[in-house]
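*Asks:* Chains as they are written, first to last, in the numbering used here: chain A, 1 to 234; chain B, 1 to 353.
Careful, some of the hints might be misleading.
For lysine-lysine, the following DSS-like pairs were computed, each having C-alpha atoms within a straight-line distance of at most 25 angstroms [claimed, not checked]:
#	chain 1	residue 1	chain 2	residue 2
1	A	Lys207	B	Lys67
2	A	Lys5	A	Lys125
3	A	Lys219	A	Lys207
4	B	Lys66	A	Lys207
5	B	Lys66	A	Lys219
Ranges between beta-carbon positions, derived for each pair [said to hold, decoys possible]:
#	chain 1	residue 1	chain 2	residue 2	range
6	A	Ile104	B	Thr194	26 to 36 angstroms
7	A	Lys207	B	Ala60	17 to 27 angstroms
8	B	Val137	A	Trp13	46 to 56 angstroms
9	B	Lys235	A	Ile104	50 to 60 angstroms
10	B	Met332	A	Cys113	24 to 34 angstroms
11	A	Ala206	B	Ile155	34 to 44 angstroms
12	A	Trp13	B	Tyr118	30 to 40 angstroms
13	A	Val67	B	Leu197	51 to 61 angstroms
14	B	Gln200	A	Ala206	48 to 58 angstroms
15	B	Ile155	A	Phe181	24 to 34 angstroms
16	B	Leu168	A	Glu97	45 to 55 angstroms
17	A	Glu97	B	Thr194	34 to 44 angstroms
A short list of chain B residues far from chain A (calculated; beta carbon distances all over 12 angstroms) [what the hints assert, rightly or not]:
#	residue
18	Tyr26
19	Ala186
20	Thr194
21	Gly199
22	Lys217
23	Ile224
24	Ile234
25	Leu256
26	Tyr259
27	Pro263
28	Asn265
29	Gly317
30	Ile337
Simulated from the structure, these hints should not be mistaken for laboratory data.
A virtual CB, placed ideally from N, CA and C, is assigned to each residue, including glycine.
If you want the building blocks of each chain, they are given just below.
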Amino acid sequence: MSDIKQEINTLTWQGLWRNNPALVQLLGLCPLLAVTATVTNGLGLGIATTLVLIGSNITVSLVRNIVPNEIRIPIFVMVIAAFVTIVELVMNAYTYELFLALGIFIPLIVTNCAIIGRAEAYASKNPVGFAAYDGLSMGLGFTVVLIALGVVREILGYGTLFSGAELLLGDWASVLKITLFTTESPFLLAILPPGAFLAMGLLIAAKNALDLRIASIAKVPSEKQVQRARVTAE
Amino acid sequence: MKLSLRSSPHQHVRRDTGAVMRLVCYAALPGIAAQVVFFGWGVIVQLILAITTAILAEAAVLLLRKKSLERTLSDYSALLTALLLAISIPPLAPWWVIVIGSVFAIVVVKQLYGGLGYNMFNPAMAAYIMLLISFPVQMTQWLPPQSIAENSASIIDAASVVFTGFTLEGYSIAQLQVNADGVTMATPLDSVKTALLSGQTYSESLNSPMFNGAAGKGWLWVSIAYLVGGLALIKLRVISWHIPGSLLLAVAATSLMFYAVSPDNFASPYFHLVNGSAIIGAFFIATDPVSASTTPRGRMVFGALIGFWIVIIRLFGNYPDAVAFAVVIMNMAVPLIDYYTQPRTYGHSRRSR
Chain A
1 MSDIKQEINT LTWQGLWRNN PALVQLLGLC PLLAVTATVT NGLGLGIATT LVLIGSNITV
61 SLVRNIVPNE IRIPIFVMVI AAFVTIVELV MNAYTYELFL ALGIFIPLIV TNCAIIGRAE
121 AYASKNPVGF AAYDGLSMGL GFTVVLIALG VVREILGYGT LFSGAELLLG DWASVLKITL
181 FTTESPFLLA ILPPGAFLAM GLLIAAKNAL DLRIASIAKV PSEKQVQRAR VTAE
Chain B
1 MKLSLRSSPH QHVRRDTGAV MRLVCYAALP GIAAQVVFFG WGVIVQLILA ITTAILAEAA
61 VLLLRKKSLE RTLSDYSALL TALLLAISIP PLAPWWVIVI GSVFAIVVVK QLYGGLGYNM
121 FNPAMAAYIM LLISFPVQMT QWLPPQSIAE NSASIIDAAS VVFTGFTLEG YSIAQLQVNA
181 DGVTMATPLD SVKTALLSGQ TYSESLNSPM FNGAAGKGWL WVSIAYLVGG LALIKLRVIS
241 WHIPGSLLLA VAATSLMFYA VSPDNFASPY FHLVNGSAII GAFFIATDPV SASTTPRGRM
301 VFGALIGFWI VIIRLFGNYP DAVAFAVVIM NMAVPLIDYY TQPRTYGHSR RSR
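Can you make the complete structure from the sequences, with help from the hints?
*Replies:* Okay, structure coming up:
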């Protein structure tokens with residue numbers, strides 16, 4: 001029982017922080033940089049990616065013992081493509097505006113290396129429950145980074161937060177929009193792709209700095225011990 | 001008797017980084033003076049803002065990085081970066097444009113890469129590009145030369161426009177852009193580009209009152225003033241002739257190629273040399289010792305390709321001027337250029353590296 005708990009803890013820690021797909025593995029950067037101009041877009045793509053990750057991890061884990069090793073990659077890709085198609089159709093049906101805003105980047109989830117990476121590295125070697133949880137924690141880790149980038153870029157670029165949240169969450173969510181400041185000349189760099197690269201670099205740097213700080217605090221200064229070659233008196 | 005033995009070079013001028021940077025700043029003074037004479041006091045306001053911001057930003061980053069403050073601040077490189085940025089942007093741009101630009105130049109382009117000597121890109125030009133693509137409206141509000149402007153502005157007015165957007169009498173920057181005939185003025189490069197795109201020939205496009213021959217009024221003198229400062233720098237051996245020489249030659253050669261084929265659709269080499277920032281780019285910007293090529297042959301290649309890109313981007317790009325883009329593109333090519341142009345070590349054959 002404690003094994004299961006320990007594995008769950010490891011998976012959470014790995015997905016959200018230590019082995020975060022976006023900040024550490026640097027996988028799936030293309031959609032990450034392209035759609036995070038607003039929080040809503042980031043959240044939408046994050047949820048879509050998480051759903052695909054969970055679905056593909058479960059399926060890959062279920063078929064892991066009957067898939068011939070030589071053709072596993074094409075099979076994984078087809079599984080992922082099936083789930084991406086499902087998510088795409090669902091978004092088309094229920095969140096049409098967001099579907100238009102994300103555009104090509106929904107079908108492109110197929111090529112997101114984070115998903116096939118997890119299928120290959122974890123789901124194809126582990127039982128269903130763990131694989132599903134791995135998909136969830138990796139997906140959440142990815143989503144958190146998408147949201148963080150979206151926050152930075154939306155504040156700098158438009159001076160708002162959660163604008164267009166109603167596209168994703170329904171009409172009630174239009175009250176979520178926070179306008180921090182209004183400007184006639186938006187800071188276009190934050191909205192354009194170079195701003196995404198800069199913000200991403202700063203996020204990675206911040207994570208590494210935090211890790212270093214934690215490591216230096218965790219390292220207990222060793223007590224100074226006087227060692228004598230020979231003890232003459234006790 | 002003791003004989004002291006020294007290795008070459010035997011005749012040298014002892015200059016530290018600070019002295020070199022200061023000399024470049026002094027050499028820019030005639031150009032700045034010309035800008036003030038022809039385009040008003042705005043450039044002085046921008047200079048003060050830029051230098052203050054750049055030095056504060058540099059000090060803040062140095063404190064964060066736990067580096068020695070006075071050692072780095074006394075090399076005057078932040079001051080030079082601020083100066084180059086301030087003279088590149090429109091003189092009456094709002095204050096936050098130059099503040100954002102200076103902070104970006106120092107913090108992101110210079111210090112995040114490791115400080116002076118480690119920056120891959122020219123800080124002033126990278127910041128200029130950042131401003132140009134972020135704030136296209138503010139970055140293209142150039143003024144007509146004072147001689148033909150409808151409304152001219154004193155230094156108080158200039159500061160007032162920079163900080164509030166209006167002069168003391170309430171003129172907006174859009175009104176200051178209007179010339180005596182009530183026509184809004186652009187830069188010579190912009191004006192000719194627009195005219196050519198609307199179907200006029202090159203010689204027709206020069207009929208605008210801002211031109212005196214092929215050179216924009218005022219712009220010619222600004223270019224000449226920077227040329228004088230640049231030649232003084234070469235004379236003092238602060239910079240070598242390789243980069244400015246090859247750059248200006250390449251601008252002339254590339255534009256001559258187009259002009260010779262179709263003099264109606266393309267501007268003359270003289271036009272490309274005296275308008276815009278070709279001269280100031282050649283002597284003050286492309287010669288940045290950190291981000292430019294370091295070998296003599298490499299400098300020729302570096303300068304020539306910048307000149308080539310300036311003309312190509314001016315003719316076919318979306319933006320009227322191109323010095324910043326050309327310099328940053330070639331900054332990326334510097335490691336490659338340096339690799340292939342390493343001088344032969346005396347006594348070694350050409351093949352061995």
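*Asks:* None of the hints should be skipped; say for each whether it holds.
*Replies:* Results for each hint:
A threshold of 25 angstroms between alpha carbons decides the hint, and for Lys207/A with Lys67/B the separation of about 22 angstroms falls inside it, so the pair holds. A hinted pair counts as satisfied when its Cα atoms are at most 25 angstroms apart, and Lys5/A with Lys125/A qualifies at roughly 18 angstroms. Restraint check for Lys219/A and Lys207/A: satisfied, since their Cα atoms lie roughly 18 angstroms apart, inside the 25 angstroms limit. For the suggested pair Lys66/B and Lys207/A, the alpha carbons sit about 20 angstroms apart, so the restraint of at most 25 angstroms is met.
A threshold of 25 angstroms between alpha carbons decides the hint, and for Lys66/B with Lys219/A the separation of about 22 angstroms falls inside it, so the pair holds. Taken as a hint, the range 26 to 36 angstroms holds for the pair Ile104/A and Thr194/B, whose Cβ atoms sit roughly 35 angstroms apart. For the pair Lys207/A and Ala60/B, the supplied restraint of 17 to 27 angstroms holds, since their beta-carbon distance comes to about 22 angstroms. Between Val137/B and Trp13/A the CB atoms are about 48 angstroms apart, so this pair conforms to the stated range of 46 to 56 angstroms.
About 57 angstroms separates the C-beta atoms of Lys235/B and Ile104/A, a value consistent with the hinted range of 50 to 60 angstroms. Take Met332/B and Cys113/A: their Cβ atoms lie about 26 angstroms apart, and the range 24 to 34 angstroms holds. Between Ala206/A and Ile155/B the beta carbons are some 43 angstroms apart, a value that agrees with the proposed interval 34 to 44 angstroms. Distance hint check for Trp13/A and Tyr118/B: the Cβ-Cβ separation is about 35 angstroms, which falls inside the suggested range of 30 to 40 angstroms.
A hinted range of 51 to 61 angstroms for the beta carbons of Val67/A and Leu197/B is consistent with their spacing of about 60 angstroms. Against the hinted window of 48 to 58 angstroms, the Cβ-Cβ separation of Gln200/B and Ala206/A comes to about 53 angstroms, which satisfies the hint. The hinted range of 24 to 34 angstroms is satisfied by Ile155/B and Phe181/A, whose Cβ atoms lie roughly 30 angstroms apart. Against the hinted window of 45 to 55 angstroms, the Cβ-Cβ separation of Leu168/B and Glu97/A comes to about 48 angstroms, which satisfies the hint.
Glu97/A and Thr194/B have their C-beta atoms about 38 angstroms apart, which keeps the hinted 34 to 44 angstroms range intact. Residue-level check passed: Tyr26/B sits 33 angstroms from the nearest beta carbon of chain A, beyond 12 angstroms. Residue-level check passed: Ala186/B sits 19 angstroms from the nearest beta carbon of chain A, beyond 12 angstroms. Annotated as non-interface, Thr194/B keeps its C-beta farther than 12 angstroms from every C-beta of chain A; the closest such distance is 22 angstroms.
No Cβ of chain A comes within 12 angstroms of the Cβ of Gly199/B; the nearest lies about 31 angstroms off, and the non-interface call holds. For Lys217/B, the shortest C-beta to C-beta distance to chain A comes to about 29 angstroms, beyond the 12 angstroms cut-off, and the non-interface label holds. Against chain A, the non-interface label of Ile224/B holds: every CB pair exceeds 12 angstroms, the least being about 34 angstroms. Ile234/B, annotated as away from the interface, keeps every beta carbon of chain A farther than 12 angstroms; the closest lies near 35 angstroms.
For Leu256/B, the shortest C-beta to C-beta distance to chain A comes to about 35 angstroms, beyond the 12 angstroms cut-off, and the non-interface label holds. Distance to chain A confirms Tyr259/B as a non-interface residue, since its nearest Cβ pair spans about 34 angstroms, more than 12 angstroms. Interface exclusion of Pro263/B from chain A stands, the closest Cβ pair being 37 angstroms apart, more than 12 angstroms. The non-interface label for Asn265/B is consistent with chain A: the shortest C-beta to C-beta separation is roughly 31 angstroms, beyond 12 angstroms.
Its beta-carbon lying about 17 angstroms from the closest one in chain A, Gly317/B satisfies the requirement of being farther than 12 angstroms from that chain. Non-interface status of Ile337/B relative to chain A is upheld: no Cβ of that chain comes within 12 angstroms, the nearest being about 24 angstroms off.
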